Structure formats: C-alpha cells, structure tokens
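Given the coordinates of chain A, work out where chains B, C and D should sit on it, guided by the hints.
There are 4 protein chains.
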Amino acid sequence: MEHRFQPALYHRTFGSHEPVLHLGSGDRLITTTADALGQDATGERVTEPGNPLTGPFYIDGAEPRDTLAVSLERIEPNRDHGFTRSSIASNAVDPDYVPELPERTLVRWDVDTEGRTATLQIPGATPPQIELPLAPMLGCIGVAPDRGQAISTATSGPYGGNMDYRGFVTGVTAYLPVFVPGALLHVGDGHAVQGDGEIVGTGVEISMDVELTVNVISGKPIGWPRGETDEDIFTTGNARPLDQALQHATTEMLRWLLQDYGFDAAGANHLMGQAVRYEVGNVFDPAYTMVCKMPKRHLPPPTRTARPAAGT
Amino acid sequence: MEHRFQPALYHRTFGSHEPVLHLGSGDRLITTTADALGQDATGERVTEPGNPLTGPFYIDGAEPRDTLAVSLERIEPNRDHGFTRSSIASNAVDPDYVPELPERTLVRWDVDTEGRTATLQIPGATPPQIELPLAPMLGCIGVAPDRGQAISTATSGPYGGNMDYRGFVTGVTAYLPVFVPGALLHVGDGHAVQGDGEIVGTGVEISMDVELTVNVISGKPIGWPRGETDEDIFTTGNARPLDQALQHATTEMLRWLLQDYGFDAAGANHLMGQAVRYEVGNVFDPAYTMVCKMPKRHLPPPTRTARPAAGT
Amino acid sequence: MEHRFQPALYHRTFGSHEPVLHLGSGDRLITTTADALGQDATGERVTEPGNPLTGPFYIDGAEPRDTLAVSLERIEPNRDHGFTRSSIASNAVDPDYVPELPERTLVRWDVDTEGRTATLQIPGATPPQIELPLAPMLGCIGVAPDRGQAISTATSGPYGGNMDYRGFVTGVTAYLPVFVPGALLHVGDGHAVQGDGEIVGTGVEISMDVELTVNVISGKPIGWPRGETDEDIFTTGNARPLDQALQHATTEMLRWLLQDYGFDAAGANHLMGQAVRYEVGNVFDPAYTMVCKMPKRHLPPPTRTARPAAGT
Amino acid sequence: MEHRFQPALYHRTFGSHEPVLHLGSGDRLITTTADALGQDATGERVTEPGNPLTGPFYIDGAEPRDTLAVSLERIEPNRDHGFTRSSIASNAVDPDYVPELPERTLVRWDVDTEGRTATLQIPGATPPQIELPLAPMLGCIGVAPDRGQAISTATSGPYGGNMDYRGFVTGVTAYLPVFVPGALLHVGDGHAVQGDGEIVGTGVEISMDVELTVNVISGKPIGWPRGETDEDIFTTGNARPLDQALQHATTEMLRWLLQDYGFDAAGANHLMGQAVRYEVGNVFDPAYTMVCKMPKRHLPPPTRTARPAAGT
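Chains as they are written, first to last, in the numbering used here: chain A, 34 to 345; chain B, 34 to 345; chain C, 34 to 345; chain D, 34 to 345.
Extracted from the complex, chain A is given alone in its bound form:
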C-alpha cells in the first residue's frame, strides 16, 4: 500500500511522540522533509531550526526486539538551493589550529537537480566557486529510543538518529532496532552533498522528497543501525570518541556475519581482518558515527534479508 504524507508539524527529538500515520509492513511512504533550518521546499521557514523531523510513523506489527527495514527508494532535493557552514568545527582540527579557522557563517549553495551539481559562489575567495556532484542523503533516520526517552536530533545512538552518514542514499536499505511498539520512524535533515565527517557541521542542508518502503523483520533484534546496498552491507556505531563508535560498528558486523551469513567466529575474524572497510559518518555531533563495511562479493548469500534482490 502506498501512503502520501505531507508534514504539518515536526519534532526535534527522536521520541515516543504521537504517530502522524500508521504504515503496514511492506507499505510505501511518499513524504517530504524540511531542512535542518526548518525550511521546506518553498524555502520558507515552516518550523524551528535544529533538524526538525518528519514523523513519527507507526509501523503496524513492529514490536520491541524486532528490526525495521527501511528501503530508501528516493532521496531527492525538492528545491534549488541549500546551506552550509563556512568553517570546519573546532573539534575536527588540532586544538592549536582553532584560532586560524574562518568565521562561522551560513552560505547558500545553488542546487541543480537536472545538472546534478551543487555550486557555491564565494566572491573574493580563492577559488571563487566550488562545484560538486549531487549525492543526496538523509542525515537523520531513526526510531523512538527505549525507556521513554526523547533525544535531541543533534545526536545519535542505537536507535539511529543524526548519524550524518553520506551512505543513507537512494537505493540503500537501512535496518533499525525496534524499542517501542510501532517502532516510530522519524526522518529528516537532508543533505544535497556532504563530505565525510560533516566537519563543517553541515552538509548542503536542503529539503527533500522522500520515498521509502518499510518492512518488519520479526524476532530479530540487532544492536545498532545497519544498512545494505547492492554491493555492501554495513553497520554503524554512534559514540565518542571515534574509537568507541568503531568498536560498536565492528562488533555489530561480527554479530551480523555470525547470525545471518553462516560464519563461525574464526571465519568472521579472518575475513574482517583482511577485508573490512571503515567510513566516517560524522565527527561533529555529540555522538560520532563510524561505519563498518563488508563487500557482498566476499559473502555467501544471507539466511535472512528484507532487501529486494538487486536487479529485480
């Protein structure tokens, strides 16, 4: 079943808020997200800034210790401009270098969804223009945390959240642990393009058209958000320091190989040792995000998956 939903209110926490819509497992959702500043497709401010989210969506049948699979089918900017901050965050450079960082302001980028570029004019700067290929992604994707918590969209955790990982793009299936009945999916904080680490504290912040399909995988608990593309599977860890985020992501990948790919501990350790890849999600938010990736070409077919087969 397909649902179209136009948000009227937004949340700035991942929490057990009143659901805006119920979706069945297998249903498809067509919606939009405002940008991090609270501006929608019209460019008007429709809500407070600070990563306002669309949702939460109640997924019928999702229960604690289930997994929610969210197939991102279309993550696409729905207007012609976005915004970035102008200076690298003070925590991403050597402490002694901080006084040399430029002033922190907001600048506007032109986003050309036809030409697939994001372009910044910097009059008087060198170079005077930066043009990058579009790579639209969702900075925030997650469910309601456990224990009745409501946690700021500035940060992330086992429930997902503001991971700012440039891998949450069209074509990816995200897997999220379920902590409350209905899971309560929230999405937002789209970026037209973003560098690794989100080191200026923003991607090219923009409102998005979002199309996704949800599936409940019953009785299969996971520890951290996971993801899958045609080429790779990946796990995320959200914590500080980056070392701890990496520990979470690595441990979650080990568990995945053991649970769903038939590996024993020896095989999983050997393969990961020589074939694992890491990617940095963000090193800006209160919790950093590290991603642990494994190419599918090194893996046997999984025993369980909610992802549509590639090419079908």
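Worth flagging that the hints you see were computed from the coordinates, not collected in a lab.
Don't take every hint at face value.
No copy is singled out in the list; a pair is fine if it fits within one copy or between any two copies.
Below, a list of computed lysine to aspartate or glutamate pairs in the DMTMM-like style, where the Cα atoms sit at most 25 Å apart [claimed, not checked]: (1) Lys253 with Glu264; (2) Lys326 with Glu136; (3) Lys326 with Glu264; (4) Lys329 with Glu164.
Treat the numbers as computed from the prediction; the structure is a model and nothing was measured.
Quick look at chains B, C and D alone, frame taken from chain A:
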C-alpha cells in the same frame, strides 16, 4: 641513478642509525624487505620479529625542514605465502565482547602473485576458505625522528612509521618531513592485502620487492606524512584516540590546500566540508592512523609537486 | 518553608514530567529516594530498577538561563543494607585483561549508620570481609534538559544527571543550569559509599533520606553543574572520553573565576595551572564525569553566591 | 654506599645512553637536576631546553623483568625562582574556547624555600599576585625503554618518563619496570609546585637537589610505574586518551593487589570498586598520566616491599 641493495641487517626502531646506503635526490632504489616476523623471500627467519626495517637510506642533500618525496614504483610480494593473526584485537570491539573473540594464533595464507590472490584455508571453520584479491602495501615507511629519538617500529608519529595504511601501494608518492640530515629513510612490514584498521593486528605479512625513487623538496616543511596518487592527495595523522589522528590529518590537509593549491581559508574550509574523505589506517598500533583524502578533480594544479605527471 | 514529600511514582529519565510538588526559592525539602534497583527504605521493590528518581520538583520562579542552587543538608541511608556489583567494568581495565574479570553478580553490604561503616562479607574470598567508612552521596541530581528531551538516568549532561560523583554529599551546594520553567529538579541513586569512577558500575546502592534547600539565582546562566563546599568550589564535565569531560570542567572553572571571583584571563590561567585539582566522577556511565576543583583558600570572596556562609 | 654526582651532560631522551655512574642496590645518590629550560642552580643555561635529564645511572644487578625501587628522600629546589607558562593548553579546554586563551609566554615565580612558598607577581592582572605553598616534585623519572628505543623526555610510557605527576615528592618510593641491564635511571624536570594535569604545560619549573636510594627487586616484573607513600600505594598509566591511561593504571593496581597483597579477584574487584581513588598526572604531554591510588589502611601487609617501614 639506480641502486640495488640487499639488506644484511635490520632495525626495529626508526632512528638515526648508521646509513646502509647513500642515495642522491632523484635516485632509484631496488631493494627488499623482510616480513613482520623477520622472514625474507626464502621464508627463513633472517632477523628478529617485530617489523624489522630495511635501511636507513641517507638521502644526500636532505636537511631538517625539507620534505622527502618517495615514489613507490613497485611493492610486490616476493614469495608465495604470508601470515595473519586469527582474532580481532580486543581494543577494536566492544569491551564486553572481548571474551567472545577466538584464540590469537598465527595462520598461513597462500599468496599467488600470478593469479593476484591471497587465500586462507581454515579447515573445520565456516567458511572453509577465504580468497581475496592481492593489494600489496607497505605497513612501515618513515624517516628518523627528531631529537635523537629511536622509536619502535610498532608505532608511528610525524616521522611516519608503522602506519599500516593500505594506501601505501605501487603508484603512490609518499611525502615525509625531514628531521635529520639525510632524512634516513626506513621501509618494511609489507602486507599482501590488509583490511582497514589492521584490526587483527596484521595484514597478510609478507616479504616484498621494493622499488622506489627519492626526491628532496628543499625548504618545504610539512607537519605529517602526505601522499599522492593519480586521483587523490592525502594526509595522515598518527595518534590516539582516532579523533586526534583525524585532527592531525584534517589540519595537515588544510595547510596543504593553502600552501600549494592557492586556496584561502574560506575556500579550503568550504571544499573540505563537502568533499573530504577519510580512511582508517590502523586502529591496532599504539598510535592509530587516520587518512584525510581529497580528490584531485576538485583541485587546481598545485604550485609545487615532486610527483611525476600521470601518464608520462 | 519546609515541605515533606514521600514519592509514590518515580521516573527513569530526566525530563519535563508532571511536577510532583512546587517549591519556592529558599524552601526546604525533606524527602526520600529509592535505590538504583527500585527498592526503598523497607527494602521492598517499589518501582522498576535503573536509577528511578524522586521528583521532579518545580521551583517557582526558575526560568531558563537561571541557576538553581541546591544545598544538600542531609544525604543519609535510611536502611541497613545496600548492593554492589562484583566486577570492575570491562571499559575500566585494559582490553586484554577483560577475560580475567570475575563474574558480574550483585552482592549485599551491611550498612551501619550508627557505626558509620559499610561491610561486605565475601565467604571464601580473600580477604573474607571488606569494611569501609560510610560516605553517603547522591549519584543522580539534575534538572529537565532543554529541547523537550527526556534522557535516561543511566547518563548525564549539562543538566546534571547520573554523574556518580562522590562529592555530592551532605554539606555541598550544587548549582544546576535551568533549561525549562520551574527547573524540574530530580534526585536519586544514593550510594552509602563509592570509589572514584564507580568502576564496578555501582556504589553501595541504597535508599536515602534527603533534605535540601533550593534557591534560584536569577539571570545567571552556567554551562555545567557546579558545586561548593566550605573548602572548595568545583565544576563538572559530563562526556566521553574523559578528556572531553575534563575540557568541559576546566572551561567551566575558568568561566566561574572570571564571572564571580574577579579574575582576568591571565590571573585565572596562572592560578589554575598551578593549583587546580581534578577528581574522577564516574568512568562507567555512557557519559563520564570529571570534576575540576579549586580550593577557596586561593580565591578572593565571590561577588555572588547562594551558599550559606560557613559556620553560620 | 653514598654517591655524589654533579651532572656535566644531560639527555633529552630516555634511552640506553652511556651510564654516568654505577650504583649498587641499596646505594644512595645525591645529585642535582637542571630545570625544563636547561638552567641549573645558578640560573644559567647549562644545556638545551626540553626536559634535560640527569643520568642515566646504571644499577648493578638490575636485569630485564626486575623492578627498580627508587626512594625519593629529598626533592628540593636549589634556587630562588622558577618559570611557568601563562596559558592553559588548547587541548585542556573546550575547542570553541581556545581563541579566548591568553597569549602563551613564560613568567617568573619567586620561590622561597624558607617560607615554603612560590609567588607570582602579575602586574596589571587581577589578582596582581598568586602565592602557593611549595610542593616540590619530579616531572621526569624513568628508565631506558625496551627494544633499544630512545624516547623524548616530552612524553612517557611503561618505562616512566615525563609523567608530570605531583605525587613524585620527597618521601615517595617509585617502582619502575626494568627493560635493560642496569635499568638506566634518569631523573629531571623538577617543579616547585604544579596543579593537577599540568594544564599550562609547566609546573613552576626549577632546578632541584635530589637525594634518592635505589633497590633492585629481582624477578618481579611490573607493567607500569608504581609508587608508595606512608598512606597509599599507587599505580600510573601513561597513554591517550585519559580513558586508556586509567585502564592501564586500574589494571596495574588489580595486579598489584593480587600479586603482593594476597587478594583474589573477587576481593580485589570489590575493594577497588568502593575504595579506589584516581588522580590526574598530566593532560598536556603526548601521553597523559592517570594515577590509581589505594589507601594502605584498607590493605593487609604486603608480602613484598622495598620501602623502608614508616617511622623507622
């Protein structure tokens, strides 16, 4: 000028040891390295284990505050097998998961330099065999540190060292800061293939044929080892935690864009924010290694480089 | 005015929950807290385990950017036993040492409030008994966080929370930043005694009699929880890694010396450099706590304080 | 036997340098150290700045895997002034606060060894004078590291080094692991007083009279430097981040309780959980130092010690 050098003794520190050979700027060196266990092309133990190094090579004319460019022209296994450890390091998984790691032993991989594969048979394990494409790299590359120090080849620092970054491969030019007259280049610790992070504490440890050309870039100090491929430039930071390694690498990339690519602070911050890539060198050694990468396609031509033009 | 309050329900998040009682600035509160396991003075489980809190108390007149002063006048165990975990947390020892830690169980301590001791019998262990002097403290003290958040009592932040600092004892005035109207004070998680770092994940967990007086300091925002005894002032930082917690606490102390003690930057930096003391709150919870202390004997009288003068 | 030694040359690395003197186990040494700037009792620069060390002293009979006990009998400034830096290090405050730190200069303190004070005049600052009680300590104490290393006196490790812990004072016995024959003891970097963390990057840097007695404890390997006073035993961990330093120190204390105090794992874990104390050595040097302390009043008599009994 081309030099052939066959090592007879090895060092287990990066330090101001007696040079084994003098090279002129622009000279080419053809040599070999023993593996991390002290075994050479014959598979025999020729020196103590623990990342024994070939060198140091005195580069005529290199002075403190110069930069040494080392173009890696051939990094290629010179025997048919290597070794890995069998379990992920306790510091790379969640602390509570440590008791679930398998026993730490050494296993042998078959290395097929014709077929370009490294293969592990694990009788009784699942899967019983792991086969990966060869991707030969140098785990250790560096110069003598400052202040008369001699530092274990287990770790790394501004002088390079045991960075265990899978990007030091054939075709890369490494740039190293010079701290002592002659720079004193050391190389070793070859891996036939290695996962990001070297999370089992080894790649596929193997002896190597090494061919490289050295060039002195006078009067150009750099802060951390850098590198260049046909597609990218990159900087490394070596420290714990990974956050600090990332700070070093990020700061070094900022400096590079400003010094050699004509960027001002505004331009460099904006470009890096939306286009930077990070890669994890190692998260096993006493100092971790983080790599900050920038695709050349986003950069104007540099004002200075020691790298031969691509395709010439 | 003095209020007596006996809790009937408890919260496991610091959040904007319905207030259980209104207090005026200057009012005194006499109440009790359940232990971390949800057991009260009778030793019966009265609520779910996981640091259930008493409150929140609405402080009339407290507004965002005010500071709430909470003078702890009596923190005293109200029963004869408590509980601890039996093994040091895996994150507080070297990763390779984790497999050598003993099994994680709960053990019971006898608490003698007359003799002022906490005593553990460990039949068969060496030594067979551990007896320590009582040093009763509150593990959890805090207010509702900003942005409508509700955050687990497992962790801490700028709003206070589960800091597990053994310095929150009878005689201390705690200062908390106010984020919401009424501040919404929560208290709980008493420990009869606790080592630095709460490295086994518990102190001697016990229900408490709590007596405190609240005062609103208007128009004086602070960044992190602070405290004051007759001898010292202190600031707390709550984050991981411990380095970042220390940065927060150090910065907050600098701000305090500048704001309230008449120091300029030169004076504050010089004094802190040679006279500062650090104490570790906890290294167990998701956010660690570091405390920065300055002896009052090195300070001039403050321009502002809500603490009753010593000896009056 | 008592030796008097006046240094003529100094080293800026802990390493296997030519010994300046041989000492027998049980011998007493009376010597001096230059300050961190290379200035001796006369206030003249006698060697290069950067923590120049006196020694190394070869202890006859000390072999790898022994422990060297160094009883510090007199650590006392031998001139009337010292130096400090004027600003807190950029890594000890919040990254965003760095631009607010004062300029980094060197200032002179008056040191009155009769009146037992260190006093700074800061004309024009508020307050205009800071006076602190003397608390003379050694910033650097250590032996030659393993593997032929020579490591800068800027940092520290298992061999000791520049720990900048204000607990290395008159009356303390330090225990150091021995890595090379003769141990090769180095001392230096005296501070007339120092705050926790050495957060300005210096204590009150001063030349010292040093009197100490060495004892070899054969066949007893330790993992990290330890210490003992009349009231406490303590262990040190040297690493970044502070979390890892704490892990080392905690693990070393566990080992000590098990090896020398007759504890089993259950007893050691329980006691440490409720009675351990941590102190911050430094958070300035490349390796931070965390100290884990246990009051002797909680311990049975040790089975082995090299410390003279208190009061004898």
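Against the structure, the hints come out as follows:
no. : hint               : in the structure
1   : Lys253 with Glu264 : within (23 Å within a copy, 42 Å between copies)
2   : Lys326 with Glu136 : between (36 Å within a copy, 24 Å between copies)
3   : Lys326 with Glu264 : both (10 Å within a copy, 22 Å between copies)
4   : Lys329 with Glu164 : between (32 Å within a copy, 13 Å between copies)
Of the hints listed earlier, there is not a single one the structure fails to meet.
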